[in-house]
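Trainee: Listed here are the chains, written in short residue letters.
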Amino acid sequence: MKLDQRSRQLREQMIRVMEKGKRGHLPSAFSMTEVLRILYDEVLRYNPADPVWKERDRFILSKGHGCIALYVLLAEKGFFPQDELWRFCKSDGLLGGHPERHIPGVEWGTGSLGHGLPVGVGFALNAKYEKATHRVFVLVGDGESNEGSIWEAALSASKHKLDNLVVIVDYNKQMTYGTTFEVQDLEPLTDKWKSFGFGVREVDGHDLHGLRSVFSQVPFAPGKPSVIICHTVKGKGVKFIERNFAWHHKSSVGEEEMKLLYEGVNNNA
Amino acid sequence: MRKVVMDMVYELAKKDPRIFFIGSDLGTEVLKNFKQEMPGRFLMEGISEQHLIGMAAGLAAEGKVVYLNTIATFLTRRCFEQIVLDLCLHKTNVRLISSGGGIVYAPLGPTHLAIEDIAILRVIPNMTILAPADAEEMRRLMPATVDYPGPIYIRLGKGGDPIVAPNVPFEIGKGYVIREGADALIVTTGVTLKVALDAADQLVKENVNVSILHLPTIKPLDTKTILDSVAKVSSIVVVEEHTVLGGLGSAVAEVLMEANFSTPKKFKMIGIPDVFPEGYGSQASMMEKYGITAKNVVETVKKLNQ
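As they're listed, the protein sequences go chains A and B.
Counting in my numbering, the first sequence runs from 1 upward without gaps.
Counting in my numbering, the second sequence runs from 1 upward without gaps.
Rather than coming from a laboratory, the hints here were simulated on the basis of the structure.
All of these numbers come straight from a predicted model, not from anything done at the bench.
Hints are not guaranteed to be accurate.
Said to hold, decoys possible - Listed next, the in silico BS3-like pairs over lysine-lysine satisfying Cα-Cα at most 25 Å (straight line):
1) K32(B) x K128(A)
2) K302(B) x K266(B)
3) K32(B) x K161(A)
4) K131(A) x K266(B)
5) K302(B) x K131(A)
6) K54(A) x K91(B)
7) K128(A) x K14(B)
8) K266(B) x K128(A)
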């Protein structure tokens, strides 16, 4: 599937962030670019002028290492100046290698895996208690889904019938060492979430129409939390880093490689 | 102490709609009144401590004040990272009520002995650590925890502990000078205040007059009162129901070392040595085994003063 102009431009921005910061988890960000784009363009309620607006939807990026994608979107939406992107990981920068709560638009500081969903359950429970209408979205990684705390939180979300909670799994099936099938197989993943009491949908996480459709249907069942399993490709958008284990995290990228990254995105038209 | 802390959670919650209670899998009678009268704010969530801390942090970030109770070791050992990140880094108003601080659960063995809980938590920025001496001090302490900013660890004693702390208003961060004497200073926290008082009584009979400084707040530490108290003596003994590594003794030692006194001071820590305590018995018998006793405090003071 080819990327449209907006998806290519977002990725170009992410490459630029990495170029300036000289590091980053680019493939993890590329893997969830379409998901985040649809969320921020069409699904989430928020107000960049008032990032803590009470009625906002809460979004937690639990797989915090993919934060470059989030930063590019938050900057574009006006949560903070675009210039901050070019100071990624600098000593005086706003934006570091994992999201922190002092960043306007970042709901929870993450980086160590398995923390976002329990906190999201707390947010959703509070919304229920207050009879508030905002929703809570938590994006978790597939590797992250090895953590026991994810499943502890899933039990709790189901017990409390949190149909205002939407878990999004970025299922790119690649971890740092190897595939999820080799390192720690999650299958049958859909059955697992179902058995934990969630309404489940699977979707191609790069298919804009599919994502729109699935997000418009949450909650999938009244009184049940929802999970959207997004089948994605790690590094999606640049052929030579797609499914390339050498690219999980880069802390030095040469000029030639940077050139190839930009070309790679633009060739994906 | 446990009954009082639960009674206080109930009383405070009745007055303050922000207060939530979360338990793991506690006794069936726990806070029955809270559950009946304020069901939406009472949560018994199962044996999933890491999740409980995250969920509590989420509720607190939304403006709630969350009191969370389970066994001390499960909170501090299993959930260390959740405490560091979700509570301390995010400065969430979660109050960890830890059952069985110290060696209360002596008969239950090493999985239940919270002998390093203070050491673990003391090094985390934004954490507050409280260890009251008795149920009445707990009663005075609890109202102060409602609006105090950031996470708080409240260490519970066994229950039925003798009432020994002076009946004065409780302030988080304040040390209490309970006796004044020029011959030595005993510094203590939690239930070992009783040990210090008994030791002081015995020493008086031998014409040795000691000061006692009770520090129910271990963090933030009342360094001013420590230094004021230390100025009057040349021997200092710290007694605590905790490993001698990293607890109150270490905290006091850090203050003393940096004070660079012009005249030397003598210093000794009494607590659990750097071992996993062996055997079972009772809190009292284990304290006896490791010398956390009035008798040992008396001997230690006398030895330092020789």
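Trainee: For every hint, state whether the structure bears it out.
Mentor: So, going through the hints one by one against the coordinates:
1. K32(B) x K128(A): 22 Å, holds
2. K302(B) x K266(B): 11 Å, holds
3. K32(B) x K161(A): 23 Å, holds
4. K131(A) x K266(B): 61 Å, violated
5. K302(B) x K131(A): 65 Å, violated
6. K54(A) x K91(B): 19 Å, holds
7. K128(A) x K14(B): 20 Å, holds
8. K266(B) x K128(A): Answer violated: K266(B) to K128(A) is near 58 Å, above 25 Å.
Hint check: violations occur at hints 4, 5, 8; the rest are consistent with the structure.
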